Amino acid sequence: MKFRGKMVDITCIKQFSNIVSTVARLSKICVLRITKEHVYFIIHESGAVESSPGLWAELDQGHFFNEFHVEGVSQEDNQIFLELEPDKLSKTLNSFKTAQPAPRSLKVKLTRKHSPCLTLEVELPSLSVHARTVVHDVPVTLIPRRQWHVYQEPEMPQFDSSVYLPPLRQIKHVVDRMKTLSQHITFSANRRGTLIISVSTDVVDVSTHFKNLSVPVWGDDNDTGGTHSATVDIKKLGLLLQGSQINPTKVICNIVANRMVHMFLLHDDVTLQYFLPAATNT
Amino acid sequence: MATVIGSPEGLRVVVEEGKCIQASAFLQSQMFQEYHSQDDVVTFKINLNVLVECLNIFGGSSLPGVAPSLKMCYGGYGSPLSLVLEEASVLTDCNIRTQEADDTLEFNFCNTSVVNKIVMRSECLRDIFSEFDYNCCGVPVLEILTSPDPPYFRLSTISNMSTSDTDIPKDSDMIETFSCTKTMRQRYKLALLRPSIKPLTIAQKVLLRTDERGILCLQFMVKMEDNHICFVEFFCCPEEEEEIE
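Protein sequences, first through last, are from chains A and B.
Mapping to my numbering: the first sequence position 134 is 142, numbers consecutive.
Mapping to my numbering: the second sequence position 149 is 900, numbers consecutive.
Hints in this document: simulated from the structure, not taken from any laboratory.
None of these values were measured; they are calculated from a predicted model.
Every residue gets a Cβ at the ideal spot worked out from N, C-alpha and C, and that includes glycine.
Among the hints, erroneous ones may be present.
Said to hold, decoys possible - Residues from chain B that keep clear of chain A, each with C-beta distances beyond 10 angstroms, as calculated:
id : residue
1  : 762
2  : 793
3  : 807
4  : 810
5  : 843
6  : 989
What the hints assert, rightly or not - As a list, the in silico SDA-like pairs of lysine to any residue whose alpha-carbon atoms are at most 25 angstroms apart:
id : chain 1 : residue 1 : chain 2 : residue 2
7  : A       : 187       : B       : 837
8  : B       : 822       : A       : 213
9  : B       : 796       : A       : 188
10 : A       : 180       : B       : 822
11 : A       : 219       : B       : 824
12 : A       : 219       : B       : 822
Stated by the list, open to error - Derived CB-CB ranges, DEER-like:
id : chain 1 : residue 1 : chain 2 : residue 2 : range
13 : B       : 779       : A       : 191       : 30 to 40 angstroms
14 : B       : 882       : A       : 103       : 33 to 43 angstroms
15 : A       : 33        : B       : 945       : 31 to 41 angstroms
Could you build the full structure based on these sequences and the hints that come with them?
See below:
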């Protein structure tokens with residue numbers, strides 16, 4: 009199995025680093041899946057609804073990498089699945105992205121030092137004649153083929169309501185305040201562009217109403233006209249919103265009544281899907 | 752928990768701790784665009800943290816010149832306090848449970864028993880208060896000396912490890928009015944006075960008064976955006992008299 013890739017654009021390095029930071033915030037362990045066209049970060053939460061992963065991030069390899077070569081397990085299965093700690097990867101990328109002057113290139117390789125590693129190598133130009141090369145090794149575990157089915161692309165859930173979210177910044181302010189009031193937050197939406205975010209406890213009820221939001225067209229015209237809700241863990245939602253440096257072009261919020269809130273963050277070259285299962289009420 | 756007292760004159764919000772310190776803020780009815788209150792005084796107890804979080808639900812101004820609007824209603828005994836905030840066509844409505852109000856402490860602080868009075872710019876106290884070491888060992892106290900004789904106005908922090916004195920001359924630029932009839936030297940637990948730093952940062956002026964019993968009253972004058980004035984008051988009881996070396 010072989011993998012190597014090279015990024016030369018500092019903007020791409022920063023973007024890549026931001027995505028990994030988001031993954032690191034959400035979980036201690038994640039799976040990195042490498043195919044010819046894409047790089048995926050997958051967080052699989054045990055006990056999640058309908059065996060959907062917590063997070064599915066799909067990156068268009070061509071946008072990030074100038075050079076990209078993968079040789080998977082075999083010709084037919086030209087993929088690599090690695091398990092790693094995203095926090096380690098994130099710390100490495102952070103140190104690279106803030107290096108002054110900016111790195112000329114970032115190389116990522118699958119290597120075998122004492123054990124399998126993802127080796128990241130940056131070339132840092134220096135004021136004097138000689139450039140420096142900095143190498144970080146992030147240990148990884150290879151995932152055998154018989155386990156790959158666990159990490160397959162999730163099916164779009166059969167949702168009841170769907171709406172484009174207002175700018176994440178607005179939602180983040182409201183959710184941050186609601187975090188201090190309750191452990192759970194409820195998302196309610198219909199297919200007409202109304203979204204209500206609310207918390208309800210013994211002491212206080214707070215609900216924020218967003219109207220006239222855009223509605224995604226799914227082609228299934230399942231408009232029952234009703235409003236559907238799901239209640240999720242507010243801390244987990246907060247962790248995702250923290251990474252709003254990502255600044256998606258659009259975010260779709262799908263609600264499966266009483267089961268799940270599904271967020272679909274769309275960028276040009278990256279899509280992130282976050283599956284929040286409904287919290288079991290204590 | 753805070754006690755809210757609503758009257759035709761305005762809203763007063765009072766918090767207390769340990770029966771020895773009380774802080775209150777008074778919001779005049781003129782500050783509001785519309786204010787309706789029945790003739791009776793209504794009081795209720797409410798979780799102040801929850802109220803503040805609700806008021807800040809839109810996270811402070813994201814755009815210049817855009818601020819949320821607020822509507823508050825209280826329907827009388829047993830009703831929740833209802834808030835409706837709106838910013839840029841996004842609406843938030845909150846209902847906060849209220850409880851029966853306890854009686855608030857009456858310090859019986861009246862002008863005739865005031866012994867010493869100093870009006871000063873708030874920066875004066877703010878800088879001094881924020882430099883205190885609140886975490887030093889033991890139970891640090893602040894000793895306030897106000898007197899018609901030198902050193903006139905001295906703030907001393909006293910702890911197990913050290914004593915530190917700050918003297919403010921009575922003719923300093925910071926002091927607007929200095930009126931002391933008797934030497935008063937009283938000690939107050941520093942931890943109790945720490946919360947006064949917050950109003951000091953937003954106030955323009957502070958009025959410091961002590962009465963015969965040594966009770967300290969700090970009144971902070973806060974100017975709002977539209978030039979309305981809001982008063983925040985702190986009352987603090989002195990520590991028991993001890994042997995002072």
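Self-check item: Numbers of the earlier hints that this structure fails to satisfy, in rising order
Solution: Hints 3, 4 and 5 are the ones this structure does not satisfy, whereas the remaining hints hold.
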